[in-house]
Amino acid sequence: MPPPSLHALRQYAITPSPSSSFPASVLLFSNPSCIVIFDAYPKAKYHFLVLPRYPYHLSSSQASSSKVQLDHLDNIKSLLKAPRDVRKAVLDSMGETAREVEEMIKDEMIKTEGFEWGVNMGFHSIPSMKHLHLHVISDDFISPSLKTKRHVNSFRPDLKFLLPLQEVQMWIEDEQTLSKRIQSLNTADEILKIPLACHLCGESFPNMPAIKSHYDQEFAKRRRKRGS
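In UniProt numbering, the protein residues as written are 1 to 228.
Among these hints, one or two may not hold up.
Claimed, not checked - Computed list of lysine-lysine pairs in DSBU-like fashion (alpha-carbon distance at most 30 Å, straight line):
#1 K130 to K147
#2 K77 to K180
#3 K160 to K77
#4 K106 to K130
#5 K81 to K193
#6 K180 to K160
#7 K147 to K212
#8 K77 to K149
#9 K149 to K160
#10 K193 to K147
#11 K106 to K221
#12 K160 to K221
#13 K221 to K45
#14 K149 to K225
#15 K160 to K106
Claimed, not checked - What follows is a set of in silico ranges between Cβ atoms, one per label pair, in the way DEER data are often shown:
#16 E103 to A210: 26 to 36 Å
#17 E116 to S25: 23 to 33 Å
#18 C201 to E175: 33 to 43 Å
Keep in mind that the hints were calculated from the coordinates and are not lab data.
Remember, predicted model here, so these are calculated numbers, not experimental data.
Ideal Cβ positions, reconstructed from N, Cα and C, are used throughout, including at glycine.
All chains should be modelled from the sequences, with the hints used to inform the complete structure.
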């Protein structure tokens, strides 16, 4: 399967009627402000993307003198540089939608495995595709699409290349902190070069086959523990 184009996500976001335009294999659900799609190359058992729709519709509780522009939604850096009311409205809507996705994931976990495990929500510091998107991903890291050290490091919650949603929401409360955080995004690519290690136990690994086998074993341990 060829890699998606740089602008593939934007096409989802600007489609006026997602439910009638995309199949159930692509679209999880949409609401007036966001669309949720399955990640085309999931890096874990559960992996979804929350995208703000465009035109962006402010709710009655998001009264704003500013208008959400399309370029505000290019990526996390462009959103953080947008007017305060814009970034707050978009982040709040994405957060509410992501928490709904998280609940759906946990319900499915119970149905399929009989127990819940961790779910992370965050933005990549340096995204690979154009249009702002929030990853909602389970922390098992079990997927055929998890193929490289870059993949692992970009989703390891301890390395913070994946910026936690709650942290980003706190940044916008302080303009000085926000400015420093925006600058730090420029050097975040160095995180992807860090040696392979498991985010669950800290053990280091020499290559991808070794760490993927380890993740399988870690999940098997969780299953046995929950079943005991």
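Ascending list of hint numbers which this structure does not respect: When the structure is compared with the hints, none of them turns out to be violated.
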